[in-house]
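Between the sequences and the hints, there should be enough to build the whole structure, so can you do that?
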Amino acid sequence: MTDNESTLDPEIVRALEAILLVAMEPVAPALLAQLLEISQTLVEELCERLAATYEAAGHGFQLVKVAGGFRFQSHPDLAPYVERFVLDGQQSRVSSAALETLAIIAYKQPLSRSQIAAIRGVDPEAVMRTLQARGYITEVERDDGPGQAVMFGTTPLFLERLGIASIDHLPSIADFIPDASVVEALEQGLRITPDDVPAPEA
Amino acid sequence: MTDNESTLDPEIVRALEAILLVAMEPVAPALLAQLLEISQTLVEELCERLAATYEAAGHGFQLVKVAGGFRFQSHPDLAPYVERFVLDGQQSRVSSAALETLAIIAYKQPLSRSQIAAIRGVDPEAVMRTLQARGYITEVERDDGPGQAVMFGTTPLFLERLGIASIDHLPSIADFIPDASVVEALEQGLRITPDDVPAPEA
Amino acid sequence: MMKYAVSTPTFDGPFDLLLHLILREEVDIHEISLSNIVTAYLEEVSRMPTVDLDLATEFLLIAATLIELKTRRLLPGKDDGDLDEELALWEERDLLLARLLDCKTFKDVASVFSDLVSRADLSFPRMAGPEERFASLMPDLLEGVSPLRLQRAYLRAAAQKPPKVIGLEHVAPIRASVAEALVTVSDRLRIDGKTTFRRLVDGVTDRIEIVVRFLAILELFKQGRVDLGQVERFGEIEVIWLGIEQDGVVTDNYEG
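Protein chains in written order, with the working numbering: chain A, -16 to 185; chain B, -16 to 185; chain C, 315 to 570.
Hints may be right or wrong, so weigh each one.
Unchecked claim - Short, incomplete list of chain B residues facing chain C, as computed with Cβ under 7 Å:
id, residue
1, Gln56
2, Ala62
3, Leu82
4, Phe159
5, Ile160
I should point out that these hints are in silico values taken from the structure, not numbers from a laboratory.
Glycine is no exception: its CB is placed at the ideal position from the N, C-alpha and C atoms.
Structure, rendered in structure tokens:
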């Protein structure tokens, strides 16, 4: 137990749980430390303690450290139930909105969510989460500019599913006129913060 | 408490937690019932109990019923922390014009674009296109009448956006009917009674 | 960035504007001059960052309806007790009232929706999905999607954003007529110098034509090109050409 802990605001632990719950990927202790304004050591300690608490309480989920970060996941004991859910309960065809967003990312990567929003005219949030969860797109880098937008690109799984060896093997779009408007929207998307973009007319 | 419960395998509750944790959208009680091989009533009961337990334990997450299903979400108290984390993932704003159109559709669905236009006083095309692209409304059926107007209704995503469990949980429209004084003021404003005809002093 | 979005706390949609004007100033179509409504509207517009064409044209439509209601009483021969006309007038008024009430109802509902949304926004859903060990079980969403289909999806997305289509079907006749009426009326006035509204609409049978000529007169008055006089309510309206011919009659307001 650290010195910090005696004076620790209980809200910090709750905030830690909240952030980990909504995270799409494992969250690095360094980022958690920064968000919660506590030391990285304390983050690690709190996470371990939370994990132990969940396990002791017999919850169906656990908090684990993977790939250098912490994340919630289903308890391995319950894999048979999760498998049934994955097989039975999931949507099995890509929507045209998702396919269009995926196509934009494939051809214009890397690009940020607000750039995609500028092209699509609507906020692609929900669609992008699905694509990300399915492993077709991933965060590739952070923009250097102000706001440090997360940039997205396609994954090797995407190439595999599409049956191509590299992204250069996609059919060319250079000869098509609509591309010009996309280039313009891309530039616009860079200048606009995400919540300005989504379809102001709605 | 049901009869079932005394004989309930504790693994069922853990499985419920595991499934809800991996779900990407609210999970309908019917699906949960099928996967866990228990009654839908018991599913509802278990979920409510879990939700109460999380709240009592002061966790940073909650289990809620929204859009006809159950889902995990971060606790509203912790919004300031989570917002910092999701920086790119801010929910996009819904303008008041969009909300008014949504309100009309929510209460009068199914209805056609021209029926909405008649109420709004403006052609809702642009707003509706955005609402549709964002997945808040959808084409539901075609009118039988001549011309076969496309009819629109709200989607589960709309319910999610509002954070309500079902369309029945919307406040009653009766509560919003303008009261007599407003009607009178409007009537006054539009007065064209014959007693306005040349007064002697005019 | 998308030009036709106009939304301020006090102004959103023409019916709302009418509601606003009526409820605030208790505008009486019959007792308060229409030019006051128009002036109030223009003030409202000048406070807005951009002008929404839809809203502007819709306002004109409503203004025309109101003016029509009023001119029915003002125009010669229109107030001499034709029962059918009277009933039609009531019907129109009731329709307008019903629409205004509907509009107010849903405006209030929308503010409740807005509260619900703000509350819902405080919570973020978990959407991470199943762990990678379940990935092989997840149905492949891309099954049957070829590179060519992806290219088509891209081109479809890139080509979207159809230019905003303005519903001209109900607006066009009014718009065209007012612009025309401005010319017609100005031409007549330039010759006659001083006339009456009755003479300006002499021989015009189409009601909407009469309305737009009235609008044209109001516009000319606003531009300071004519002077108006009316000795008594429902009496003749005198129209006097002031002959100021700086840069032609401004008709831009009525051209989309």
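For each hint, the structure was consulted:
1. Gln56: Holds, about 4 Å.
2. Ala62: 4 Å, holds
3. Leu82: 4 Å, holds
4. Phe159: With Cβ-Cβ at 5 Å, under 7 Å, it holds.
5. Ile160: For Ile160(B), the interface hint holds, since the closest Cβ of chain C sits about 6 Å away, which is under 7 Å.
In terms of the numbered hints stated before, the structure departs from none.
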